[in-house]
Each structure stands twice: as C-alpha cells, then as structure tokens.
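Chains A and B are the protein sequences, given in the same order. Okay, so the first sequence: first residue is 1 according to the working numbering, each after it adds one. Okay, so the second sequence: first residue is 1 according to the working numbering, each after it adds one.
Just so you know, the hints here were simulated from the structure itself, not pulled from any lab data. A portion of the hints provided could be inaccurate.
For chains that are exact copies, the list does not tell them apart, and a pair is met inside one copy or across any two.
Unchecked claim - Below, computed lysine to any residue pairings styled on SDA-like, alpha-carbon distance capped at 25 Å:
id, residue 1, residue 2
1, Lys258, Glu353
2, Lys406, Glu334
3, Lys117, Ser421
4, Lys427, Leu97
5, Lys251, Gly311
6, Lys4, Phe24
7, Lys157, Phe195
8, Lys335, Glu255
9, Lys63, Thr7
10, Lys433, Glu203
11, Lys345, Ile242
12, Lys416, Val267
13, Lys408, Ser259
14, Lys70, Phe388
15, Lys30, Thr280
16, Lys236, Glu255
17, Lys424, Gly275
18, Lys70, Glu3
19, Lys179, Ser391
Number of protein chains: 2
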Amino acid sequence: MPEKFQTPRGTRDFLPEEMIKRNFIINTFKKVFENYGFSPFETPAFEDFELLAAKGSGGDEIKDQIYYFKDKSNRELGLRFDLTVPMARVVANNPQLPKPFKRYCIARAWRYEEIRKDRFREFWQCDVDSVGSSSMESDAEILAVAVDSLKALGFKKFNIKLNNRKILSALIDYVDVPKKKKYDVFRAIDKLDNFGEDTVKDELKEVGLRPKQRKELLELIKMEGSPEEMIKKAEKILQSAIGFEGLSELKQIVEISKSYGFIDRIVIDFSLARGLDYYTGPIFEVIDTSGKNIGSLAGGGRYDELIELFGGRSTPATGISLGIERIVEVMEQEKMFKLPKTKIKVFVANVNEDVKTNTIEIANQLRDEGIPCQIDLMNRNLKKQLEFADSMDIPFSLIIGPDEVKKKTVKLRDMKKREESTLKLGKVIKKLKSI
Amino acid sequence: MPEKFQTPRGTRDFLPEEMIKRNFIINTFKKVFENYGFSPFETPAFEDFELLAAKGSGGDEIKDQIYYFKDKSNRELGLRFDLTVPMARVVANNPQLPKPFKRYCIARAWRYEEIRKDRFREFWQCDVDSVGSSSMESDAEILAVAVDSLKALGFKKFNIKLNNRKILSALIDYVDVPKKKKYDVFRAIDKLDNFGEDTVKDELKEVGLRPKQRKELLELIKMEGSPEEMIKKAEKILQSAIGFEGLSELKQIVEISKSYGFIDRIVIDFSLARGLDYYTGPIFEVIDTSGKNIGSLAGGGRYDELIELFGGRSTPATGISLGIERIVEVMEQEKMFKLPKTKIKVFVANVNEDVKTNTIEIANQLRDEGIPCQIDLMNRNLKKQLEFADSMDIPFSLIIGPDEVKKKTVKLRDMKKREESTLKLGKVIKKLKSI
Numbered sequence: 001m002p003e004k005f006q007t008p009r010g011t012r013d014f015l016p017e018e019m020i021k022r023n024f025i026i027n028t029f030k031k032v033f034e035n036y037g038f039s040p041f042e043t044p045a046f047e048d049f050e051l052l053a054a055k056g057s058g059g060d061e062i063k064d065q066i067y068y069f070k071d072k073s074n075r076e077l078g079l080r081f082d083l084t085v086p087m088a089r090v091v092a093n094n095p096q097l098p099k100p101f102k103r104y105c106i107a108r109a110w111r112y113e114e115i116r117k118d119r120f121r122e123f124w125q126c127d128v129d130s131v132g133s134s135s136m137e138s139d140a141e142i143l144a145v146a147v148d149s150l151k152a153l154g155f156k157k158f159n160i161k162l163n164n165r166k167i168l169s170a171l172i173d174y175v176d177v178p179k180k181k182k183y184d185v186f187r188a189i190d191k192l193d194n195f196g197e198d199t200v201k202d203e204l205k206e207v208g209l210r211p212k213q214r215k216e217l218l219e220l221i222k223m224e225g226s227p228e229e230m231i232k233k234a235e236k237i238l239q240s241a242i243g244f245e246g247l248s249e250l251k252q253i254v255e256i257s258k259s260y261g262f263i264d265r266i267v268i269d270f271s272l273a274r275g276l277d278y279y280t281g282p283i284f285e286v287i288d289t290s291g292k293n294i295g296s297l298a299g300g301g302r303y304d305e306l307i308e309l310f311g312g313r314s315t316p317a318t319g320i321s322l323g324i325e326r327i328v329e330v331m332e333q334e335k336m337f338k339l340p341k342t343k344i345k346v347f348v349a350n351v352n353e354d355v356k357t358n359t360i361e362i363a364n365q366l367r368d369e370g371i372p373c374q375i376d377l378m379n380r381n382l383k384k385q386l387e388f389a390d391s392m393d394i395p396f397s398l399i400i401g402p403d404e405v406k407k408k409t410v411k412l413r414d415m416k417k418r419e420e421s422t423l424k425l426g427k428v429i430k431k432l433k434s435i
Numbered sequence: 001m002p003e004k005f006q007t008p009r010g011t012r013d014f015l016p017e018e019m020i021k022r023n024f025i026i027n028t029f030k031k032v033f034e035n036y037g038f039s040p041f042e043t044p045a046f047e048d049f050e051l052l053a054a055k056g057s058g059g060d061e062i063k064d065q066i067y068y069f070k071d072k073s074n075r076e077l078g079l080r081f082d083l084t085v086p087m088a089r090v091v092a093n094n095p096q097l098p099k100p101f102k103r104y105c106i107a108r109a110w111r112y113e114e115i116r117k118d119r120f121r122e123f124w125q126c127d128v129d130s131v132g133s134s135s136m137e138s139d140a141e142i143l144a145v146a147v148d149s150l151k152a153l154g155f156k157k158f159n160i161k162l163n164n165r166k167i168l169s170a171l172i173d174y175v176d177v178p179k180k181k182k183y184d185v186f187r188a189i190d191k192l193d194n195f196g197e198d199t200v201k202d203e204l205k206e207v208g209l210r211p212k213q214r215k216e217l218l219e220l221i222k223m224e225g226s227p228e229e230m231i232k233k234a235e236k237i238l239q240s241a242i243g244f245e246g247l248s249e250l251k252q253i254v255e256i257s258k259s260y261g262f263i264d265r266i267v268i269d270f271s272l273a274r275g276l277d278y279y280t281g282p283i284f285e286v287i288d289t290s291g292k293n294i295g296s297l298a299g300g301g302r303y304d305e306l307i308e309l310f311g312g313r314s315t316p317a318t319g320i321s322l323g324i325e326r327i328v329e330v331m332e333q334e335k336m337f338k339l340p341k342t343k344i345k346v347f348v349a350n351v352n353e354d355v356k357t358n359t360i361e362i363a364n365q366l367r368d369e370g371i372p373c374q375i376d377l378m379n380r381n382l383k384k385q386l387e388f389a390d391s392m393d394i395p396f397s398l399i400i401g402p403d404e405v406k407k408k409t410v411k412l413r414d415m416k417k418r419e420e421s422t423l424k425l426g427k428v429i430k431k432l433k434s435i
C-alpha cells in the first residue's frame, strides 16, 4: 500500500466543522467592517525578503523566524509574517489611494516559531487598518470596530487596555533610561500582566537598569484607577512635552469612547507596551474578562512612520488585529457557537431508483426557491438515506416514492420530531420558507 | 528617501476595487455550493514536497514548476499547485469522514510558471468536489453546481464540453497506439480546439503515430453532433468493454442533465482530454460561447484512483475548478459587474468641530439599524467632506450642524440628485432602510 502523507508540521487542516466556525466569525466581522466603511484588500502570500527584513518591518533577525526561500531566478522571498507590512508597502507605492484608506484583510500569515499547543506556524490574521488620518478619532473608530465585532459574535465581558508609546517614552525618560535601551525596556514591562513583577524586575536588571530606576518604573507601570484618575496621576509625573502629547491623545480617545459608548470598557494600563517596534502613539489590547484568563482577543496601535520607512509619503496609520484562533478557542470554551453542521434544510430521499429523476427535479425546484437541499448520491436504500440525513443534522426530509409521484404529492418528515405528513410540493415550499 | 519595495514578481496586490469583484464572485459561489450541501474546507498553503511530487500528484518534474523550499529543520516543502491534491491527502488520512464528502475550497495556489498576460504565479482557485460516490449522479451534480454558479453571476451563453477518459482510451486502442504513449496522445489531441488540426497532427507525429493512425484518430476526435448522435456514432466504432463503459457513463450524465435542465448546454467533444493524468472517467469543461473566445470558465472530471494513490481506501471522487480570474476577465469585458465602490450608504458630515461627537452618536444609531455609514476622520471642512463622499459614490450624506443639533433634526442630502431636506433622524432611518 502506498505511504500516507501527513499535514505539514506546525500547520492544520480545517475540516468542514472547523471551517464553518471560522467562516461564521469571518462573515460576522466583514459585515461590521463594511458597516464602518472598511473595504476588502489582499496581497500575495509571499514578499520579497528585502521588505520583510527592512527597518520597521521584521529587521535582520527575521530570517530565522519566517519561511524563507529563493525562486528559480534566485530571488529571495519569504512568506509574510503579518498583514501590516504588505499593506504598508502597497500604500507607499500607491500615493493616489484616497484617504482615509480604510481596509480590512482576513488571510493567512506564517511564522517559523516553536510549535506549542494552539500555536501554529500558519495562522489566520484579521486586520482592520485606517490609513491617512492622524486624528485620535481614527484610533477610536478602530476600537469601536473591534468592540462591535466581538459583540456581534456574542462576547460580553471584555475590556480595552489602552496606553500610548509616547507615555512609555516619557516614563523611560523620567526614570532616566538611555534611549537606545527603549525597546528592550518596552518588551520587559509588557510582561507584567502575564509573567508578574519579578520577571519584569529581572529583565529590567538584565537591560541594565539600576535598582532605583527599576523601582520607580515598576511603580509607574503598576498604577491603577479609572481612566480619568490615571491621566490625572500621570500628568503630575510626566512633565515632558512627549508625555503631555501622549496623555492628550489618551484623553481624546477616552472622550470619544463616550460617544461610541465603550468608555466602561477602557482600562488605562501603563505596562502595556506591545512587542512590535513600529508603534508610535496609542497602543491597545482587547482582553477577555470572563474569568478564564486566556489573554488578548485583539491588539494594535498607531504606526505613523512605517509607510514612510517603506519609501512612501509620510502617512499616519492605525489598526488592530483580531485574533481569530484565540476567539475560536474562547467561543468553544464558552459554548458560544450555535452553528448547524450543514446549511442543508431538506434531504430529498428516494424510495427507489425509479423516482431518482423526480428527486432531482424536486430538489431543483426547492433550490430555485432558495431552500438548500441535497439528494442521495450513494445509491442507498431509504433507511440509509434517512440515517445519513440524521447524521448530518438535516432538519427535514422529503420522501419521494412512485405513489407520491403519481399523486403529485411529497411526504415531509420532520427529522427531530419524527413526524410525517403528505403534502403538495407548493405547501412544503411555503412551510420550509417560513421556518 | 528609503527605497520602495515592489509587489513580488508574478503576483498581484488586490486593491479594494478588485477585491470587491472577487468577493462578489466568491460569495455568490459559496451560496450556490452550500445550497447543494457542499461545505467549506481548507488546508495549509504549503505541503511536504513528497506529496506534491508523488505519483498521481505532480510527479518528479514538479520541482521546477512550483515554489520549493526547505524549512529550518531541512524539511522539503512546496507551495501547493492546486487544491485537489491536498484534499485527497486529507481524505486518505481521514477514512471516518462521512460519504459523500462534499467540500468546496476557495483559496490561493501557486505555480512557478512563465509570466504571461493574465497568467500569474499566484492565483485564486475555486474547487468543488464530491468524494465517495461512483455514481454519475455525482458528476452531473457537480455540473449542475457549475451551471448554477455561472448563472447566478449573470452568465447566459456557455456550454459544457463533455468527454470521458475511458472513451479516449478506447479511441487510442482502436487506432492501435501503445498504452505507454496514452498521456502524450491525450495532451496532443487536447490541443485541437485551441491550436487547430495541424498542431495536433504534428504532435501526434512526434509521439510516433503512423499516418493512418493520425488520420483515423483525427477523424474520431473531430466528430460533431447532438449528444445522442455522438453517442450513437461512437457506439458503432468503439466495440471494446472500456469504450462501452465510457459511453454508458456519458449517456447517464446526458440523461440526468435533462432533469437538471442543462441538457441544451452539453456538447460531446471527443477531443477534450484535459492535461492532468489523474482523471479516470468523465471529464468536462465549461466554455464561454458569447463569442469572444476566451477559453474555459471551469474544468474538471472524475479521479477515482487519487485517494488510494495517497494511501487511502479506494475512494471514487469527482470535481470541478471554477476559474475565478477568467470569470473576472469575462465579467469585466461584458460589463457584468454592477458593484458599488463601497457598501456605505450615508456619509455623516459635520459642519464644524463642535458637533463631531454628535456625528459619532448619529452614525452609531444608523449602524445599530443596520445602515452602513461613515464619518469624517480627516478634519475636513464640509465642502471637502461632501467631495469625499461623492468620490466614494456614497449615495447620501447627513449634514449635522449646531442648528440641527439644537432642533434635533438632520439634513439629508441625496448626493446624486443634489437635493436636501431637513428631517427628524427617525424619519431618515426609515427612509434609508426602505431604499
């Protein structure tokens, strides 16, 4: 017997049951995105390696973290590791695009990472970005989209953690850390929530911060309170221009969030830093607070310099990434999916071979009326056909036999109630359309 | 200024205008597929090279035709060149899948081919396959799905070319060509429609066929007539078991196509061979006949041996691939797309900064009522806001000023008619919902 071939290591196949969940999420999201004026947009799966390794993109070290390859003409390529970098490339090359350029992209990305539970080397990415506006209204709109998207799926308990890279820079200035260590410090303090105070202290020590600096910084990033309280506290400490700018942006977002109605979800958290270097202003993360602590459902921020770094005009931009796999995980845990196995409403069964063409004609009529239906393709007997319909959770069957054909009727069977009634096809169509 | 980065060679970026077209096609198709009981299904972008180069898959020579690479652990991988091979792998590994396993997959595939106009190295693939049934009802259903899908997009003039690999084998036996030359002969005769008789003759000569063989074969594949006539003629010539089997399958599909109502589209064509080696029974191609001769819109066939070749149980299967890019091309030529630039119905404009929060609150209310709308993010003045709305083909604007806020009214502007009326928001919502 020939050998079997496996799913490539670190990736997954999505059988219908799994794809139906993802399609439900994707379709729900698309509707929300388009309600706000975001348009679909896609780029190729791979990019020139040059772009992926560019400043502002993945940097030199990216080669070890991606699928890198050469084509037959020795061009260096790599599978994209996110959707933001390719989008920024397109915007840089197309200055004629009307602004704001509001796009969404739901597609795969790839990272050659250590394989862990629920961490794959190929993953769905769902990005919503708004390009061209430097106004905080743009960031607030992105957050509104995220809130509406999650609510549309049935999420209730979630918060928005909010911070600003400018405030982080001011904090670092305040405790007198050299600028070149900035991103190392960002990465260290970002670990507060997931790994705790000791880890952050250790990492800050490794970065070279003195005990006094570490103590002060930790006190600052551990601050808690309502958005207003947090801003007031921070204003007293951060007396620098950059600090004020960051706080002013924070205040504006908080203010606009009142009009959108999600002010109650906002939690200002000065320890939120996010890993990527390209953020320049507001940064945010959406956290599930239903109690299971499964981390963030979405994350993003403002990146006003990326498009210019890729050779474009100076173009402000902000966006968020919704974590599809994380969302699937929570929705499974919380039993939030109420999805049928199939969209088929009726199985059109035949009593014997002689009426096969009749079942096809009836199925045709049903489909013309917009009723999804299915016929037998396996030459099964009636019992087996109904068992199959049952196994697929198809709610109704129509049973067609020579008698029914003669009398121009059909037998409608409710598969759950196990009830049958003999009706004219027109009646059945009316009934099924009303359900 | 930093250098710009290009779209990778042989690939394309899809700006919103282009993606909106593709999404329209994809959504239309999905609805038809699900109406027939086909379910979504996806596999990773890359596969182990072993699979791609396996017998029945791409074969040894595939390496030069695909994007081939190694991961950090020296595993040989390649971007998939179609969606059938990965699906067959999954079915081979999952014998528990209920049959028929009816799946669709709309995703990218990649081939490292010579770049030509409208031929890219990354392309959309849209496959519908039915696995587990050896019945011709299954092939006929696949054709019905293709017909319905194209009709749903607005296609009217198209035919289904139909042939059968068994008939081709019988033809080849009839003119006495050695079995090992079979696939070379198939590839040669498949060129009749696109390249003409002389090319086929030359290629058959190259394969080593004698003049008499070439003449006889050409006469056979050039036969024309109604399906019934073609079958009758062929029955007289092909007196072998395999020939009868192929003709019987053809007859069954023709018969079932009457019930589905697409008999008038069927053209039996004994020169249709299709390139791939894995077909075993019926083969088909959907051809646009509107006169512009742009070749096939879809193509497929039965491949009963592929799953077994990949280590699975012997499992019959049949399917079709709808050519999304070709379909886009025809729809553009024929001006079949009637798509708005955006789904936004209303631009909620502000007269000045003071009423910005009011526009947000009104936009929120509209979205809650399911009306897609957009606010200004660019701090534009009213004139510029309306110009933007116009440029995006947004049909209506609401103009919000201090007066309107005081009187709790809004000004509705019909952007096409350039008419304005002052109304209560409730009235506007009612009006917009009714459009």
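A quick look at each hint next to the structure:
no. : hint            : verdict
1   : Lys258 / Glu353 : between (66 Å within a copy, 16 Å between copies)
2   : Lys406 / Glu334 : neither (51 Å within a copy, 45 Å between copies)
3   : Lys117 / Ser421 : neither (50 Å within a copy, 59 Å between copies)
4   : Lys427 / Leu97  : neither (53 Å within a copy, 35 Å between copies)
5   : Lys251 / Gly311 : neither (32 Å within a copy, 62 Å between copies)
6   : Lys4 / Phe24    : neither (32 Å within a copy, 37 Å between copies)
7   : Lys157 / Phe195 : within (23 Å within a copy, 64 Å between copies)
8   : Lys335 / Glu255 : neither (35 Å within a copy, 47 Å between copies)
9   : Lys63 / Thr7    : both (24 Å within a copy, 19 Å between copies)
10  : Lys433 / Glu203 : neither (63 Å within a copy, 56 Å between copies)
11  : Lys345 / Ile242 : neither (60 Å within a copy, 40 Å between copies)
12  : Lys416 / Val267 : neither (47 Å within a copy, 44 Å between copies)
13  : Lys408 / Ser259 : between (60 Å within a copy, 16 Å between copies)
14  : Lys70 / Phe388  : neither (48 Å within a copy, 43 Å between copies)
15  : Lys30 / Thr280  : neither (27 Å within a copy, 41 Å between copies)
16  : Lys236 / Glu255 : within (20 Å within a copy, 84 Å between copies)
17  : Lys424 / Gly275 : neither (64 Å within a copy, 48 Å between copies)
18  : Lys70 / Glu3    : between (29 Å within a copy, 21 Å between copies)
19  : Lys179 / Ser391 : neither (63 Å within a copy, 44 Å between copies)
Of the numbered hints stated above, those contradicted by the structure are hints 2, 3, 4, 5, 6, 8, 10, 11, 12, 14, 15, 17, 19, listed in ascending order.
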